[in-house]
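So for the sequence shown, my numbering puts the first residue at 1; every next one is plus one.
Treat each hint with caution, since some may be false.
No farther apart than 25 Å at their CA atoms in a straight line, the calculated lysine-lysine pairs in the PhoX-like style are these [what the hints assert, rightly or not]:
| no. | residue 1 | residue 2 |
| --- | --- | --- |
| 1 | 178 | 54 |
| 2 | 212 | 195 |
| 3 | 38 | 83 |
| 4 | 230 | 139 |
| 5 | 72 | 178 |
The set of hints was computed from the structure by calculation and includes no laboratory data.
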Amino acid sequence: MVFLVHKLAFHHHSPHPSEAFLVSLQAFRSNVSNSLAKLMLNSSDPGSELLSIKWLHECFEVLSIVNKAFAKLVVEIDYPMTKWEVSCMEEYLSYSLSLLDSLNSISYALSQLRQARVLLSHALSVNKSFSDKFMALNKIMYKNFSNDLKVIKGIGESKRKSVGGKELVLHEALLVLKSIGSWMVENKEVLKEIKGVNDAVECHVSATANGKSADHYAQQLQGRFEVIEKAQTGIEGAVDLMFSYSLTVGNELIHTLRQPKQ
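Model the full structure from these sequences, guided by the hints.
Rendered as structure tokens:
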């Protein structure tokens with residue numbers, strides 16, 4: 001939580017934003033803080049070095065809430081994209097493009113996970129139905145999702161020193177916005193559900209190699225496949241929604257950048 005407090009702290013630079021702007025910024029920070037606190041409470045094992053698909057799903061739901069809170073802040077301080085300074089546009093466009101790239105990479109990894117799960121399930125079915133055939137079971141090659149979200153970096157301190165008023169409020173909000181992705185997956189690596197499948201595969205292969213019954217491990221795998229399928233369907237929907245939202249906002253910003261300044 002020390003990290004959270006540090007990231008959400010307001011960096012005072014002159015000239016100061018008005019009291020009304022500060023109230024809106026504080027409301028935004030509170031919204032973000034509450035969402036992250038709820039995410040931590042919902043984590044079954046926050047100290048674990050493993051991610052879970054369910055955790056990632058909840059992370060994307062928080063990411064969606066935070067982005068909508070940012071849009072609300074922009075409306076409350078009456079600072080639409082058409083009035084943003086170029087530095088703000090560049091920062092937000094950089095964030096949007098990084099997020100889109102991350103979402104695209106995660107979406108691809110999830111599709112690979114689905115394919116690997118189908119192949120494993122098929123191999124189990126063949127081995128159970130045909131005694132004269134045997135298909136080797138291979139572990140699922142996992143994707144490090146941490147790297148995908150950690151590319152969303154915070155803005156530099158130097159870019160905020162010379163701004164004030166609405167622009168400073170926007171930069172402060174962007175600093176929070178861009179820190180969320182890396183915080184959610186900090187020091188997390190393999191998906192817990194994938195490790196569970198791979199452990200069962202290893203036990204199944206070992207039992208088969210030693211001439212022992214692997215039926216128990218086959219049943220374990222089928223159960224874990226069902227868990228992954230249910231969780232994966234949920235996160236794929238969340239990723240698709242976030243991608244659509246980010247693409248729409250990014251296109252709007254690019255359109256604004258192309259327009260002559262009034």
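Going through the hints against the structure:
Proximity of residue 178 to residue 54 is assessed by CA-CA distance (about 22 Å); at most 25 Å being required, the pair is judged to hold. Among the hinted pairs, residue 212 with residue 195 is consistent with the structure: their alpha-carbon atoms are about 23 Å apart, no more than 25 Å. Restraint check for residue 38 and residue 83: the C-alpha separation of about 34 Å exceeds 25 Å, so the hint is violated. The straight-line distance between the Cα atoms of residue 230 and residue 139 is roughly 20 Å, inside the 25 Å bound, and the hint therefore holds.
Among the hinted pairs, residue 72 with residue 178 is consistent with the structure: their alpha-carbon atoms are about 17 Å apart, no more than 25 Å.
Checked against the numbered hints above, the structure violates only hint 3.
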